[in-house]
Amino acid sequence: MSTQSIPAQPLAARAPGRRRRFGLDLARPSRRHWLGYLLLAPAVLLIALIIVYPLFISLDLSFQNVGIARLDQPRRPFTLANYERLFTSAEFWMACWVTFKLLVIVTGACFVLGLATALLVNNRFRGRSIARLFVALPWAVPEVIAVIIFAWIFDSSFGLMNWLFITLGLTSQTINWFSDPDAAFAVVAITMIWKGYPFVSIMALAGLQSIPEDFYNAAKVDGANAWQRFTNITIPTLMPVLGVTIVLVMLWVFRDFSIIYVLTGGGPLKATQTLSIMTYEQAFGFFKMGYASAVGIVTLVLCVLASLLMVGRRAEAMY
Amino acid sequence: MAGIRIENVRKSYGAVTVLRDFNLDIADGEFVVFVGPSGCGKSTMLKILAGLEEASGGRVLIGERDVTDLAPGDRDIAMVFQNYALYPHLTVARNMGFGLKMRGMDRGEIDRRVSEAAKILAVDHLLDRRPKELSGGQRQRVALGRAIVREPQAFLMDEPLSNLDAKLRVHMRAEISALHKRLGVTTIYVTHDQIEAMTMADRIVIMRDGEIQQIADPDTMFARPENLFVAGFIGSPGMNFLLGNVTADERGARVSLFGQDVCLPVPLAAVPGIAGRPVILGLRPEHIGPAHGPVSFAVRPRLVESLGSEKYIYVDLPHENRGAPADAKGADDERRGDALIARLVDAGAVATGEPITLSFDPARLHVFDAETHRAIR
Numbered sequence: 001m002s003t004q005s006i007p008a009q010p011l012a013a014r015a016p017g018r019r020r021r022f023g024l025d026l027a028r029p030s031r032r033h034w035l036g037y038l039l040l041a042p043a044v045l046l047i048a049l050i051i052v053y054p055l056f057i058s059l060d061l062s063f064q065n066v067g068i069a070r071l072d073q074p075r076r077p078f079t080l081a082n083y084e085r086l087f088t089s090a091e092f093w094m095a096c097w098v099t100f101k102l103l104v105i106v107t108g109a110c111f112v113l114g115l116a117t118a119l120l121v122n123n124r125f126r127g128r129s130i131a132r133l134f135v136a137l138p139w140a141v142p143e144v145i146a147v148i149i150f151a152w153i154f155d156s157s158f159g160l161m162n163w164l165f166i167t168l169g170l171t172s173q174t175i176n177w178f179s180d181p182d183a184a185f186a187v188v189a190i191t192m193i194w195k196g197y198p199f200v201s202i203m204a205l206a207g208l209q210s211i212p213e214d215f216y217n218a219a220k221v222d223g224a225n226a227w228q229r230f231t232n233i234t235i236p237t238l239m240p241v242l243g244v245t246i247v248l249v250m251l252w253v254f255r256d257f258s259i260i261y262v263l264t265g266g267g268p269l270k271a272t273q274t275l276s277i278m279t280y281e282q283a284f285g286f287f288k289m290g291y292a293s294a295v296g297i298v299t300l301v302l303c304v305l306a307s308l309l310m311v312g313r314r315a316e317a318m319y
Numbered sequence: 001m002a003g004i005r006i007e008n009v010r011k012s013y014g015a016v017t018v019l020r021d022f023n024l025d026i027a028d029g030e031f032v033v034f035v036g037p038s039g040c041g042k043s044t045m046l047k048i049l050a051g052l053e054e055a056s057g058g059r060v061l062i063g064e065r066d067v068t069d070l071a072p073g074d075r076d077i078a079m080v081f082q083n084y085a086l087y088p089h090l091t092v093a094r095n096m097g098f099g100l101k102m103r104g105m106d107r108g109e110i111d112r113r114v115s116e117a118a119k120i121l122a123v124d125h126l127l128d129r130r131p132k133e134l135s136g137g138q139r140q141r142v143a144l145g146r147a148i149v150r151e152p153q154a155f156l157m158d159e160p161l162s163n164l165d166a167k168l169r170v171h172m173r174a175e176i177s178a179l180h181k182r183l184g185v186t187t188i189y190v191t192h193d194q195i196e197a198m199t200m201a202d203r204i205v206i207m208r209d210g211e212i213q214q215i216a217d218p219d220t221m222f223a224r225p226e227n228l229f230v231a232g233f234i235g236s237p238g239m240n241f242l243l244g245n246v247t248a249d250e251r252g253a254r255v256s257l258f259g260q261d262v263c264l265p266v267p268l269a270a271v272p273g274i275a276g277r278p279v280i281l282g283l284r285p286e287h288i289g290p291a292h293g294p295v296s297f298a299v300r301p302r303l304v305e306s307l308g309s310e311k312y313i314y315v316d317l318p319h320e321n322r323g324a325p326a327d328a329k330g331a332d333d334e335r336r337g338d339a340l341i342a343r344l345v346d347a348g349a350v351a352t353g354e355p356i357t358l359s360f361d362p363a364r365l366h367v368f369d370a371e372t373h374r375a376i377r
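Here the protein sequences line up with chains A and B, keeping their order. All the letters of the first sequence, read from the start, carry residue numbers 1 to 319 under the UniProt record's numbering. All the letters of the second sequence, read from the start, carry residue numbers 1 to 377 under the UniProt record's numbering.
Quick caveat, the hints were computed from the structure, so don't treat them as lab data. Mixed in with the good hints there might be a few duds.
Calculated cross-link-like contacts (lysine to any residue; reagent style SDA-like; alpha-carbon spacing at most 20 Å) [stated by the list, open to error]:
#1 B/K101 / A/R229
#2 B/K119 / B/H180
#3 A/K220 / B/E54
#4 A/K270 / A/F185
#5 B/K101 / A/P236
#6 A/K220 / B/R103
#7 A/K220 / B/I110
#8 A/K270 / A/A136
#9 B/K47 / A/F215
#10 B/K311 / B/T357
#11 B/K101 / A/A226
#12 A/K220 / B/L70
#13 A/K270 / A/S89
#14 B/K47 / A/I235
#15 B/K101 / A/F215
#16 A/K288 / A/G159
#17 B/K101 / A/I235
Sample of chain A residues facing chain B (criterion: CB under 10 Å; computed from the structure) [said to hold, decoys possible]:
#18 G159
#19 P212
#20 D214
#21 Y216
#22 N217
#23 K220
#24 D222
#25 A224
#26 Q228
#27 F230
#28 P236
#29 T237
#30 M239
#31 G243
#32 S307
The model shown is predicted, which means the values in this text are computed figures rather than measured ones. For glycine and all other residues, C-beta sits at the position ideal for the given N, C-alpha and C.
This is chain B alone, in the form it adopts within the complex:
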């Protein structure tokens, strides 16, 4: 096991740059998730780490050893692929032992390691089958098994759960986390699913257009997003964005939201910089309550979705608060900038078109610069 250091790694195909100065220090045994929308460069970075792609610049160190120009097989890493990449002509046992065989390990040791890994992953009864006779979940386990038997310095996982159905995905997510805790091997996991990132990671690296947006643990990522993109990407449903013009007085910065004067949670020092300018305010759906609170407003829901334990209430935004940039949303969120979603737990009966009072605490507001999209704190 070893830590991994990525220094100024760049990648471009001709004039197209897919990865800009990528710097990251991964501690020994850490579980790091690269997350971002399609085309953000996360898979490219993983392939560079694996040695399957050449970096245009920068260095990669695994356990203080410079592996930038080493062949994939010499880096002592194991990789799990999105489509599992199990060899169809080999049995499960021989698939799992393939990497060891290629390294010239003797038969007995291969068998011992394969059966040990198979027991850990509960596939020991499938060892004589071929991949086509396995279910999706079983194939996934075998692919993990193939990585485990190698006992590598690090695991690289490229969207390993995206071919599974929703229920199995949740299950395997927990299994991979448990496996990581048990083995303690440094793991880099690539996904476009922020829920996978939040649930599994020790640290998340959010990427967009080849650039790192923020590196933080899941709770920090959720509570203190650095910019509008991170704020919109993390959380489901995504954060609501409202546009407001700042007026400043001696008590602080204020904007008008739902026709009410709301004091923004920004330090006094930051107030002069934003006075008289528009800002984007972020409010998470779960921070909106169903009763009177510090800031209450009466609305008629445009749409009510019930998930049983909770309800999503869609509310029209007042015209003055509309117009937050569309690219602030996460990649998979196609909402227009004219609605706000409230996520209410145990809200009782709420009907579309019937008046309801909602409230929020201004301290929960995230404030972003409307031009730079950076958080103002």
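Just chain A, with the same shape it has in the complex:
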């Protein structure tokens, strides 16, 4: 074969066409995009397998009356019963309300705390690196460990918080944090805020550092005071970053499971049962997988709607 003699030849002597021995020359400009698709393929296949396929399975399940789902069993008849039951159940609307409350409180507090800490550690001061580390620390702590720490802090008999409340004279007797619905909700919200704000802080800090110094100089020359500079320059120029960050935090609150499940398990009296806890309870507590899938699908739709609402035009490139 003629190709066998090619490696022995000096490079310059090779005919340019001979290099296409494998029939696919990806270096050719007209085929360069093939390489892109080729490199994307494994990831796309993986996502299709572990995200898209289960999504369709659960969509399909939500329209069937299924207890324990098994792929080897024949498909049950199509029914809207799961959704009918869902929209008429008080438990579902309660879970929606809890999720919504948590969403507003946790996202709002993460936003304020994250932005405030980012502004703080964006200043030049001694020990800034340490301060930045401490701001970002909760993000690095695994969720379950954070939950255990907070479960101890809010323990009713030997927890730090009760000691603090009694020492400060805010209460005369110990508060049973996990048996009172409002207190349990507060504990869940506080834990989620503690775990979630560093993400906003890190993103906001990155955004703050990309704001040109001259924007502030120009505003100073124009006579803007610190508050005016914050509202007219910092916030609007950070908006593309903050918009996306808020969406991510919202989605995290929507789907977070471990914090609530380990702290309260959704109780007491379902006061901390969010949609994701409810999905789990229905699927693996009561083994009503069809019904659980319906909850999951509704949660997904809500997530998509909330994201669309928040991303909107805000994320447009500014520069």
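Place chain B on chain A using the hints.
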């Protein structure tokens, strides 16, 4: 509008001094350009004037009002930044009106001033766009517009043209000059480009290492540089520097240049001081002619660059005239001290390596002390 007085302003960061006793009186309506190489302190001085940096000492007065410790917004000045500093989230109109809004001016008056300034700068059709939809030149105009609407006592401009391409820069240069003539507002303009300084300024302040080297109008700066640095910085191509040893006789001081005895244009009183010592002689490329003259010499060009209307002839210096200090050159001139450039207009055909006769008039020579680098006149 007002004049500006800068008295003994100093600035240092720890042990590093970036600005030494800076004194300057700027008349009402004057266009003053601070020029110098990077790190000479010109931008620092401008920031001190704007109130964005604190001076380590000295006073700044705008219109006889001491503003040394006033906030930038209380100084009644407007500033144009190198990268324009246009707010990306605001439209052109709101960018231009930002300073007025911050001062609590009512909407109608803001709109009136913005549209007036937009007309002057020919950006009135862009008022609803955002900065990212504008070209470099348009952004520059909007940045100028933002300064104009404020109707301030003075404009401060920090290298406003350095982000534009060469052609647009020439165009905007002329526009800023025209704008200054029209508005008559005191302007301080910072640049590292000596051509911008020469073309725009009423007066130029040349700075180096935090010190003022010379303050003069462009023509004086070109014709009578105070020292070697100024001589090398102003002019393009830069001044040629030749080293020579002075011999004195009753007719005056003489040096040997290109093997010829040349009489130096220094007063007789200065002759005894420099007799027997080396001096640096400056000769501008445009003062070298293509034909016989008072001092003629035959050379073979090392390199000929043609710009169409003129030619730059690079010629090797004789060994005895080499060795002028490298720091005499302008900051952006990396020429070695062994070549001389002649700038010939309508010289006809000149080829590299072919013999040519060049000449100069000794009266055009600038004489500098080889040690102090100061001009000897």
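Here's how the hints hold up against the structure:
1. B/K101 / A/R229: 12 Å, holds
2. B/K119 / B/H180: It holds: about 16 Å lies between the C-alpha atoms, which stays within 20 Å.
3. A/K220 / B/E54: 14 Å, holds
4. A/K270 / A/F185: 10 Å, holds
5. B/K101 / A/P236: OK: B/K101 and A/P236 at ~16 Å, within 20 Å.
6. A/K220 / B/R103: 12 Å, holds
7. A/K220 / B/I110: Distance of about 19 Å is within 20 Å: holds.
8. A/K270 / A/A136: Given pair A/K270, A/A136 is violated - Cα atoms ~32 Å apart, limit 20 Å.
9. B/K47 / A/F215: 14 Å, holds
10. B/K311 / B/T357: 15 Å, holds
11. B/K101 / A/A226: 15 Å, holds
12. A/K220 / B/L70: The given pair, whose Cα atoms are some 12 Å apart, holds under the 20 Å limit.
13. A/K270 / A/S89: 13 Å, holds
14. B/K47 / A/I235: Given that 20 Å is the threshold and the Cα spacing comes to 25 Å, the pair is violated.
15. B/K101 / A/F215: 16 Å, holds
16. A/K288 / A/G159: The given pair, whose Cα atoms are some 37 Å apart, is violated under the 20 Å limit.
17. B/K101 / A/I235: 17 Å, holds
18. G159: At about 46 Å, which exceeds the 10 Å cut-off, the nearest Cβ of chain B leaves the hint on A/G159 violated.
19. P212: Since the shortest Cβ distance to chain B is 7 Å, the answer is holds.
20. D214: Check passed: Cβ of A/D214 comes within 4 Å of chain B, closer than 10 Å.
21. Y216: 9 Å, holds
22. N217: At 5 Å from the nearest chain B Cβ, A/N217 passes the 10 Å test, so the hint holds.
23. K220: At 4 Å from the nearest chain B Cβ, A/K220 passes the 10 Å test, so the hint holds.
24. D222: At 3 Å from the nearest chain B Cβ, A/D222 passes the 10 Å test, so the hint holds.
25. A224: 5 Å, holds
26. Q228: Nearest chain B Cβ about 6 Å off; hint holds.
27. F230: 13 Å, violated
28. P236: It holds, given that the least Cβ distance between A/P236 and chain B is near 4 Å, below 10 Å.
29. T237: Holds, because the Cβ-Cβ distance from A/T237 to chain B comes to roughly 6 Å (cut-off 10 Å).
30. M239: With Cβ-Cβ at 7 Å, under 10 Å, it holds.
31. G243: This hint is violated: A/G243 lies away from chain B, its Cβ roughly 12 Å from the closest one there, beyond 10 Å.
32. S307: 22 Å, violated
Comparing the model with each numbered hint stated earlier shows that hints 8, 14, 16, 18, 27, 31 and 32 do not hold.
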